[in-house]
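Residue numbers (UniProt numbering), protein chains in the order written: chain A, 1 to 459; chain B, 1 to 459.
Any given hint might turn out to be false.
Identical copies go unnamed one by one, so any copy, or any two together, can satisfy a pair.
Said to hold, decoys possible - Here are the simulated DSS-like pairs of lysine-lysine, each with C-alpha atoms no more than 30 Å apart in a straight line:
hint: 1; residue 1: K323; residue 2: K346
hint: 2; residue 1: K21; residue 2: K211
hint: 3; residue 1: K355; residue 2: K262
hint: 4; residue 1: K323; residue 2: K353
hint: 5; residue 1: K355; residue 2: K254
hint: 6; residue 1: K51; residue 2: K21
hint: 7; residue 1: K355; residue 2: K211
The set of hints was computed from the structure by calculation and includes no laboratory data.
Protein chains: 2
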Amino acid sequence: MSSAAVTFARENQPRFLEELKTLLRIPSISTLPEHAKDVAAAANWLAAELKRIGMENVEIIPTSGHPLVYADWLHAAGKPAVLCYGHYDVQPPDPLDEWTTPPFEPTERNGNLYARGAVDDKGQMMMHVKALESLFAANGGKLPINVRVILEGEEEVGGEGIAAFVREHGDRLKADFALVSDTEMFAPELPTLCVGLRGMIYTEIEARGAKTDLHSGMYGGAAPNPFVALAQIIAQLKDSAGRILIPGFYDAVKAPSSDELKAWASLPFDEEAYREHEVGSPQLTGEPGFSVLERTWARPTLDVHGMPGGFTGAGAKTVIPAKAVAKVSMRLVPDQTPQQAFAQYKAYVESLKPKGIELDVRMIHSGDPIVIGTDNPYIEAAREAMHQVWNKDTVFVRGGGSIPIVGDFERHLKIPTVMMGFGLPDDNLHAPNEKFHIANYHRGIESIIVFFERLGAAK
Amino acid sequence: MSSAAVTFARENQPRFLEELKTLLRIPSISTLPEHAKDVAAAANWLAAELKRIGMENVEIIPTSGHPLVYADWLHAAGKPAVLCYGHYDVQPPDPLDEWTTPPFEPTERNGNLYARGAVDDKGQMMMHVKALESLFAANGGKLPINVRVILEGEEEVGGEGIAAFVREHGDRLKADFALVSDTEMFAPELPTLCVGLRGMIYTEIEARGAKTDLHSGMYGGAAPNPFVALAQIIAQLKDSAGRILIPGFYDAVKAPSSDELKAWASLPFDEEAYREHEVGSPQLTGEPGFSVLERTWARPTLDVHGMPGGFTGAGAKTVIPAKAVAKVSMRLVPDQTPQQAFAQYKAYVESLKPKGIELDVRMIHSGDPIVIGTDNPYIEAAREAMHQVWNKDTVFVRGGGSIPIVGDFERHLKIPTVMMGFGLPDDNLHAPNEKFHIANYHRGIESIIVFFERLGAAK
Numbered sequence: 001m002s003s004a005a006v007t008f009a010r011e012n013q014p015r016f017l018e019e020l021k022t023l024l025r026i027p028s029i030s031t032l033p034e035h036a037k038d039v040a041a042a043a044n045w046l047a048a049e050l051k052r053i054g055m056e057n058v059e060i061i062p063t064s065g066h067p068l069v070y071a072d073w074l075h076a077a078g079k080p081a082v083l084c085y086g087h088y089d090v091q092p093p094d095p096l097d098e099w100t101t102p103p104f105e106p107t108e109r110n111g112n113l114y115a116r117g118a119v120d121d122k123g124q125m126m127m128h129v130k131a132l133e134s135l136f137a138a139n140g141g142k143l144p145i146n147v148r149v150i151l152e153g154e155e156e157v158g159g160e161g162i163a164a165f166v167r168e169h170g171d172r173l174k175a176d177f178a179l180v181s182d183t184e185m186f187a188p189e190l191p192t193l194c195v196g197l198r199g200m201i202y203t204e205i206e207a208r209g210a211k212t213d214l215h216s217g218m219y220g221g222a223a224p225n226p227f228v229a230l231a232q233i234i235a236q237l238k239d240s241a242g243r244i245l246i247p248g249f250y251d252a253v254k255a256p257s258s259d260e261l262k263a264w265a266s267l268p269f270d271e272e273a274y275r276e277h278e279v280g281s282p283q284l285t286g287e288p289g290f291s292v293l294e295r296t297w298a299r300p301t302l303d304v305h306g307m308p309g310g311f312t313g314a315g316a317k318t319v320i321p322a323k324a325v326a327k328v329s330m331r332l333v334p335d336q337t338p339q340q341a342f343a344q345y346k347a348y349v350e351s352l353k354p355k356g357i358e359l360d361v362r363m364i365h366s367g368d369p370i371v372i373g374t375d376n377p378y379i380e381a382a383r384e385a386m387h388q389v390w391n392k393d394t395v396f397v398r399g400g401g402s403i404p405i406v407g408d409f410e411r412h413l414k415i416p417t418v419m420m421g422f423g424l425p426d427d428n429l430h431a432p433n434e435k436f437h438i439a440n441y442h443r444g445i446e447s448i449i450v451f452f453e454r455l456g457a458a459k
Numbered sequence: 001m002s003s004a005a006v007t008f009a010r011e012n013q014p015r016f017l018e019e020l021k022t023l024l025r026i027p028s029i030s031t032l033p034e035h036a037k038d039v040a041a042a043a044n045w046l047a048a049e050l051k052r053i054g055m056e057n058v059e060i061i062p063t064s065g066h067p068l069v070y071a072d073w074l075h076a077a078g079k080p081a082v083l084c085y086g087h088y089d090v091q092p093p094d095p096l097d098e099w100t101t102p103p104f105e106p107t108e109r110n111g112n113l114y115a116r117g118a119v120d121d122k123g124q125m126m127m128h129v130k131a132l133e134s135l136f137a138a139n140g141g142k143l144p145i146n147v148r149v150i151l152e153g154e155e156e157v158g159g160e161g162i163a164a165f166v167r168e169h170g171d172r173l174k175a176d177f178a179l180v181s182d183t184e185m186f187a188p189e190l191p192t193l194c195v196g197l198r199g200m201i202y203t204e205i206e207a208r209g210a211k212t213d214l215h216s217g218m219y220g221g222a223a224p225n226p227f228v229a230l231a232q233i234i235a236q237l238k239d240s241a242g243r244i245l246i247p248g249f250y251d252a253v254k255a256p257s258s259d260e261l262k263a264w265a266s267l268p269f270d271e272e273a274y275r276e277h278e279v280g281s282p283q284l285t286g287e288p289g290f291s292v293l294e295r296t297w298a299r300p301t302l303d304v305h306g307m308p309g310g311f312t313g314a315g316a317k318t319v320i321p322a323k324a325v326a327k328v329s330m331r332l333v334p335d336q337t338p339q340q341a342f343a344q345y346k347a348y349v350e351s352l353k354p355k356g357i358e359l360d361v362r363m364i365h366s367g368d369p370i371v372i373g374t375d376n377p378y379i380e381a382a383r384e385a386m387h388q389v390w391n392k393d394t395v396f397v398r399g400g401g402s403i404p405i406v407g408d409f410e411r412h413l414k415i416p417t418v419m420m421g422f423g424l425p426d427d428n429l430h431a432p433n434e435k436f437h438i439a440n441y442h443r444g445i446e447s448i449i450v451f452f453e454r455l456g457a458a459k
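For reference, chain A alone in the conformation it holds in the complex (with noise of 0.2 Å):
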């Protein structure tokens, strides 16, 4: 028997899902300055959205950077208290012309919501909002539960707003816990919590040699060539294995319990798919001695994104560059810390600079790595509720991602993080053709629902 609120729900599939593609056709892109009207576009959107289902006190919070969307509706006396996170930026949709059809022109094909933020994180976080509608329409105004809802713009970007808003006015984001839907399920139809998450530290290393652009044929053999330079270096951050080569970087590095470990390992996973479909290259890389799902969500890793400087267009040009630029991250597991990570990183990178050569190393952002104890009464209550809807036994996982937000509410909040993603392996996160599933979006409003109905419900 479902409740008012999930038939509700049901009866409203088709409008919910237009509302999320007039969020989707907003090009909210946080990285890129141009975009800036966007981003504020879509905190406007949202807002207005907020008032019009019911929430009381709706706020557009500047910060330093983007906006915050506040909202509340806290007269559920004596019930739980929780904190709805979501993010209305998107990444970048370049390359452009991988898409099949255009990243902010949503589209339906194959069951699927096409369009850049379709599942990172509008979509998510539009299921939130439209659990909230469908509890506010089906009760008479009225929550099983405290909400307060948070809304950022730059979590593509770091986060810097929000984690400053944290730890200056965490007396107006008070609840028992936090609701993050930014995650995905284990496999289609596998009802998922995530209860670990890794972090990160974003840097650039710069390399400096001549002083200006030099002719390759003049000063090829004596002028230091800054590509070379950062080559030489990040050949040795890792070793051919994937080892990652910084001095002590490993020694915090905490492994899974023995009861992770095997509950991962019964995990439907099959690594020659994973290869094939969602990776496509020949082999698999990394350290070995670890499985993928340990490799990707609790061993730390070192990625390369870009380098700019130099030439790069097509053809030829014989310069020595001024200077090249290495963006490099690496993820973090616990119990390393951003900051020694970054500290023992710098050091080493430092150690290495290549002759005729000066460095700059420097951090664009990082995020704390997480785990949640899966003894609470908010996880207790997720895993139930989506049993109920999915009619399947909840896996939990850990993410290889970072979503800094959550140590925030950890460390300032003193609260858990309640994880709980609707998101497929292969949605294309970060690049072309990101989907959501369709039905993952309603059925995920439904979890939402029926979760708080049970924590509205309990004594």
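Fit chain B to the given chain A structure using the hints.
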């Protein structure tokens, strides 16, 4: 006592400079398809100019790429014939924001003319044209020797068109020697003839990992990273001291003669001043055991010019790119050949292929290294002409850069080349703020006038 032609050149200095500026205003960037019209405009302008001064049989010759400009005057019976070569295309001007004045608005400052192409090679090519104009004007429409002119618009992109023309229509370029002004003086006021050039191979290594761009949080630790792969490869191309590690790469390298090495050691070269003022890096690099002049003139070298792919904007994007490219070139010296060097390089790079990565190693263009004997009458006359104009002994040097056409002249036309250049070491070739010392433009014109007059007067 100056000849009438030299007097004419001196009286017309202001006009000769203005005409060079007109040519420099045409952004004839051969590597950028959107500038193809400008390259054609430069060719048309030069053809009209050659006709105006008195050259005959002026013709714009189409090629597979940008056109050639041909002209001749062949009425000096019993006198030698020179083939004057130059190129009217230029390098891209980026990074634009480092130019003090715009690259295609020629500007006089401190006795220099600043513009892209000022010295490489429009300014030096125009010295030939203006020397011919002065000789025609002062001698009743006659020249002291026979002259053919061939100008190309693809030197900066490999010179395919002229190479094919030399190979297939050598009879149309019949001459006793070639004159190329695309090199520099060893020091200000020091007349210099270049008698050796390095060759080159310009290549790209494309590394492909996953089939699409992936999120480094979710896939870091499992998906291969093409930038890390390229870094690992590049770090194995040269050791930290600068020695190239490609097996067999040095086998064909021929050491300069002991006479040549002795002459180089006596050149006015201040390594510390070179480091500080020309290169500007904390230290110089390159193979141990060789002087700077040996390293840049007589040793092969390897440089990386750019690494396109991934995310190169400001800020952070956590992408593991599906592919990345390294633009790598090598300078070659006698008796290396581009064919053998590329084969050695390609085989070695492929042997370094990291796990999970597919590689494509391709040649973009190449040129042969060359050494010219100093025991021929054209080099001798050039040396005497420069002594007369500059009142100083001429030095013989080599150049670190590549002028592939000089090898083609030797191989297909069987003629030596006189490389009489008037650039200066700080002219910023291929870099922002390229310049030509204006006094050298005018004294270069006089040197060529006297050179041709001497050859015409010889018994």
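Worksheet item: Can you give the numbers of the hints that this structure goes against, from lowest to highest?
Response: Hints that this structure does not satisfy do not exist here, as all of them hold.
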